[in-house]
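Construct all of the structure, not just a fragment, from the sequences and the given hints.
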Amino acid sequence: MESATLDPAPPLSPPAVARVKGRRVADSGTESDVASKDTESDRQNIEWVACMARIRDAGDEAAFARLFSHFAPRVKAFLMRSGADANLAEEVAQDVMATLWRKSHLFDPARASVATWVFTIARNRRIDALRRARRPEPEDLPWGPEPEPDQAEVLVLQEESEALGAALATLPEKQRVLIEKAYFGDLSHSEIAEQTGLPLGTIKSRIRLALDRLRHAMK
Amino acid sequence: MTNDITHHLTDSLLMAYSAGTLPEAFSLTVAAHVSMCDECRARLGAFDTVGGALLEQAGDAAMAEDSLAVTMARIRAGGETRRERPAPLQAGVLPAPLRDYIGGDLDSVRWRPIGMGVKQAILPTDRDATARLLYIPAGAAVPDHGHRGTELTLVLKGAFVDETARFGPGDIEVANEEVDHMPVADIGTDCICLAATDAPLRFRALMPRLAQPFLRI
Numbered sequence: 001m002e003s004a005t006l007d008p009a010p011p012l013s014p015p016a017v018a019r020v021k022g023r024r025v026a027d028s029g030t031e032s033d034v035a036s037k038d039t040e041s042d043r044q045n046i047e048w049v050a051c052m053a054r055i056r057d058a059g060d061e062a063a064f065a066r067l068f069s070h071f072a073p074r075v076k077a078f079l080m081r082s083g084a085d086a087n088l089a090e091e092v093a094q095d096v097m098a099t100l101w102r103k104s105h106l107f108d109p110a111r112a113s114v115a116t117w118v119f120t121i122a123r124n125r126r127i128d129a130l131r132r133a134r135r136p137e138p139e140d141l142p143w144g145p146e147p148e149p150d151q152a153e154v155l156v157l158q159e160e161s162e163a164l165g166a167a168l169a170t171l172p173e174k175q176r177v178l179i180e181k182a183y184f185g186d187l188s189h190s191e192i193a194e195q196t197g198l199p200l201g202t203i204k205s206r207i208r209l210a211l212d213r214l215r216h217a218m219k
Numbered sequence: 001m002t003n004d005i006t007h008h009l010t011d012s013l014l015m016a017y018s019a020g021t022l023p024e025a026f027s028l029t030v031a032a033h034v035s036m037c038d039e040c041r042a043r044l045g046a047f048d049t050v051g052g053a054l055l056e057q058a059g060d061a062a063m064a065e066d067s068l069a070v071t072m073a074r075i076r077a078g079g080e081t082r083r084e085r086p087a088p089l090q091a092g093v094l095p096a097p098l099r100d101y102i103g104g105d106l107d108s109v110r111w112r113p114i115g116m117g118v119k120q121a122i123l124p125t126d127r128d129a130t131a132r133l134l135y136i137p138a139g140a141a142v143p144d145h146g147h148r149g150t151e152l153t154l155v156l157k158g159a160f161v162d163e164t165a166r167f168g169p170g171d172i173e174v175a176n177e178e179v180d181h182m183p184v185a186d187i188g189t190d191c192i193c194l195a196a197t198d199a200p201l202r203f204r205a206l207m208p209r210l211a212q213p214f215l216r217i
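Top to bottom, those sequences are chains G and L.
So the first sequence is residues 1 to 219, counted in our numbering.
So the second sequence is residues 1 to 217, counted in our numbering.
If you're looking for bench data, these hints aren't it; they were derived computationally from the structure.
All values reported here derive from a predicted model rather than from experimental measurement.
Don't take each hint at face value.
[Said to hold, decoys possible] Restricting the straight-line Cα-Cα distance to at most 20 Å, the calculated cross-link-like pairs of lysine to any residue (SDA-like) are:
#1 Lys157(L) - Asp107(L)
#2 Lys181(G) - Thr10(L)
#3 Lys103(G) - Leu68(L)
#4 Lys103(G) - Gly78(L)
#5 Lys181(G) - Leu130(G)
#6 Lys181(G) - Asp60(L)
#7 Lys157(L) - Pro169(L)
Listed below in structure tokens is the structure:
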């Protein structure tokens, strides 16, 4: 989406991203608009995955710098919207990015996009920093990331994550605001619990698809 | 892990857990259920993906000029990156997040009787909500209680039946103030569950002071 401000993506080994049928987002402009946007951002997602691999395998600082320039300002913005002041948000964003480096071997591109993974790190740091509370984690699955994940699975998962983001962007304002409030911590848990059916609207089917992919990846 | 789970978490709870906004006792219960339920683990993954998409769209807040250099310095100061993965836990009766809170498995629980053969153990969470383990002898009932807020009940062992349905291992019941129920353990096996509430239950009056030492200050 913000690809205009980014450096051109370096060539990656899978030159063409396989297209998945039926992943067009409704009511978000013409077919071709969406298709070209999707192709750019799919490539983007795959590029971030490649950066993670270079950090993990070679301690590649240039790859880290690319991820940093994309994600650190977003993490900072995310934290500020969650109630952190600029100094705390800066500090925590740096910490999140340092964690990304240290835990690069735990990133599994068959189960999460880099954005999703960064989100989970940022969320946990936000709970530590702002609420000083604990958030118990589920028991780890008995297996970790594959050393050589199946490239087709990685592509599909990365595409699905991107499609979910695109669907989110096209939600009616009211629905989108409610979901943002839930994630930025502006909605109390009882307010959330009172929502008998969250107005997930059009992203519901995307969540469904993302779910199918994850289920597959977990097999 | 278990394929027979029929009562799952709601979208609202999964989303709030993914967002990181639940009180600790509810997070613990969600984490315990997800540990037992692949379906909800995958659904949670989908909600984390929503979080990732929101992060992407959160806008940019300019980082300090020397931010990257400072972060690299932090990383270097951390020394050689450790590559080992956390050792897989020994399998136990209880899911790992619960064992963390108990400091061991089921045999380490410090039960306190609350009457009629029912025992409980309050787990140390923050005070926004309470998490307790309940031990209900086969065929016995948890005293009838209503809820002012939300109550989550996760079956860890055995099964219980209430006015709404039957709940077996891994099943979670999400009850709100409209539910006034009396869970009864299955005849034949004792039932152990984890219950989280964000408002006191009526039977809490039966155990004055007992909960206090367990609450984290």
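Going down the list of hints, with the structure as the test:
{"no.": "1", "hint": "Lys157(L) - Asp107(L)", "in the structure": "13 Å, holds"}
{"no.": "2", "hint": "Lys181(G) - Thr10(L)", "in the structure": "18 Å, holds"}
{"no.": "3", "hint": "Lys103(G) - Leu68(L)", "in the structure": "17 Å, holds"}
{"no.": "4", "hint": "Lys103(G) - Gly78(L)", "in the structure": "12 Å, holds"}
{"no.": "5", "hint": "Lys181(G) - Leu130(G)", "in the structure": "16 Å, holds"}
{"no.": "6", "hint": "Lys181(G) - Asp60(L)", "in the structure": "18 Å, holds"}
{"no.": "7", "hint": "Lys157(L) - Pro169(L)", "in the structure": "5 Å, holds"}
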